[in-house]
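Line by line, the protein sequences give chains A and B.
Heads up: the first sequence at position 82 corresponds to 82 in the numbering used here, and the numbers run straight through without jumps.
Heads up: the second sequence at position 247 corresponds to 512 in the numbering used here, and the numbers run straight through without jumps.
Don't read these hints as lab results, they were simulated from the structure.
Backbone N, C-alpha and C fix where the C-beta goes; we use that ideal spot for every residue, glycine too.
Incorrect hints may have been included.
[To be verified] Which chain B residues stay away from chain A? Per the calculated CB distances, all over 10 Å, these:
| # | residue |
| --- | --- |
| 1 | 294 |
| 2 | 311 |
| 3 | 497 |
[Said to hold, decoys possible] If the Cβ cut is set under 10 Å, some of the chain B residues that face chain A in the computed set are:
| # | residue |
| --- | --- |
| 4 | 306 |
| 5 | 337 |
| 6 | 363 |
| 7 | 364 |
| 8 | 371 |
| 9 | 372 |
| 10 | 374 |
There are 2 protein chains.
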Amino acid sequence: MPTHNRHNFSAAERRGVYRAIYERRDIRSQFLPKPVPDGILGRLLDAAHHGPSVGFMQPWDFIVIRDGAVRGAIRDCFLEANRDAARRYKGERRRLYGGLKLEGILEAPVNLCITCDRQRQRGAGLGRQTDPATDLYSTACAVQNLWLAARAESLGVGWVSILDFDRLRELLGIPARALPVAYLCVGYVSEFPAVPALETAGWERRENLARLIHFDRWGAHDDHRASVLAHVGQAVSLRTEYHPVHASEARTRPSNRRRGRKATE
Amino acid sequence: MPTHNRHNFSAAERRGVYRAIYERRDIRSQFLPKPVPDGILGRLLDAAHHGPSVGFMQPWDFIVIRDGAVRGAIRDCFLEANRDAARRYKGERRRLYGGLKLEGILEAPVNLCITCDRQRQRGAGLGRQTDPATDLYSTACAVQNLWLAARAESLGVGWVSILDFDRLRELLGIPARALPVAYLCVGYVSEFPAVPALETAGWERRENLARLIHFDRWGAHDDHRASVLAHVGQAVSLRTEYHPVHASEARTRPSNRRRGRKATE
């Protein structure tokens, strides 16, 4: 039984993993101009490179974008796509949408485009015959590794999905075989908000986990058992275990801030 | 500058994040029958539920599968798909393929099917007009959260991608609007191998990260700079920083094992 050997994490190491998961945010408004050292950026890329991949295919490439002119052109690409996207909404939703900040392309000192090479020969196709999308999933998992490592390094990441991807491909010279999966803004931040920006803005709320759990078959819900599972999970996410300051306390008790306790936002 | 405030991780917390990233393995052969307590499973599901999602869509559902008959039917589904997949390889590759263990459906006490509801209304479509695949990427990121949390809890996870997914959908009663993204085996393990099983088996090797880094534009390689980035990253992955035992040492020094030091494999 793996209870007392070197495979196990210490309490602090385990807390680090859960902190990264729960305190990770999609950052758009809080970027600082402070440069990201190559040493830290290298760690993030290597974390991504150690993502799981179907057949050990490692289908990813990383374009590191610091050039201001390139970022400017990509920002224009965002602005146009965002105008089109805004037209889809009416009334209150339109008003809400207009108030959202959805990228930090120019504020963040580093941008990253992470692609998936659909024709990479590594892995010899293992695991891809039955689901050809698995290489895309692998690339998304690599992105998540990078995002969590960034949080551990106090770096914020924002994923920009409102782009004309054909135009992005042109701007970055990406060949047809490689699909841009993620366009990320990376930089130090003034703060990590306690809750997702889309929740603060009233755009959407977090679903109750218990409603998303099925047992042995789709639709086979068991309210009691699902609640137990979700409740235990939430005990972690609400930081009763790994952090003394509760996220909602940070919001309802401004005195914490006045005392200089910046809590976990 | 975020240098000495509560946003920052302690050295041990940061080490936990990198340990999870580098010591995560796709487990097939090492599962133990020891049950996974609901409390721990709940943490894993909540970790997944805190994955990033486009527009805060949270497109995932979780089917928790413990029933032996259901797992048996899914194992049969794997066996058939695997026979078909094996036919694709010839000669030495075929021999190698035949020796690979690619699932632990029956050995692992818990299986999870994580789906993506392509029609979920949460998020009101934000970020999806320009790339409709972003909901799938969100679901894959949720899987990676779960995988890393599992590693922190000393639980192994294996992602089975060799399945007839239409048959799986039938077996689990998954409606047409939901796509099975990941089928996972979850359980305690006898060990976490130091290197991926596909590397040990001679199926594939890890690519040199430096070759995957481009600067400002696809194809704009800078060998020196890329090597610096990759080298710094590797310093972390080779555990010189966060762990006293070097992965390659664990392999080349069997005496470590004889002394009862199970290292990090």
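Honestly, which of those hints from before does the structure not fit? Of the numbered hints, 2, 3, 5, 6, 7, 8, 9 and 10 do not hold.
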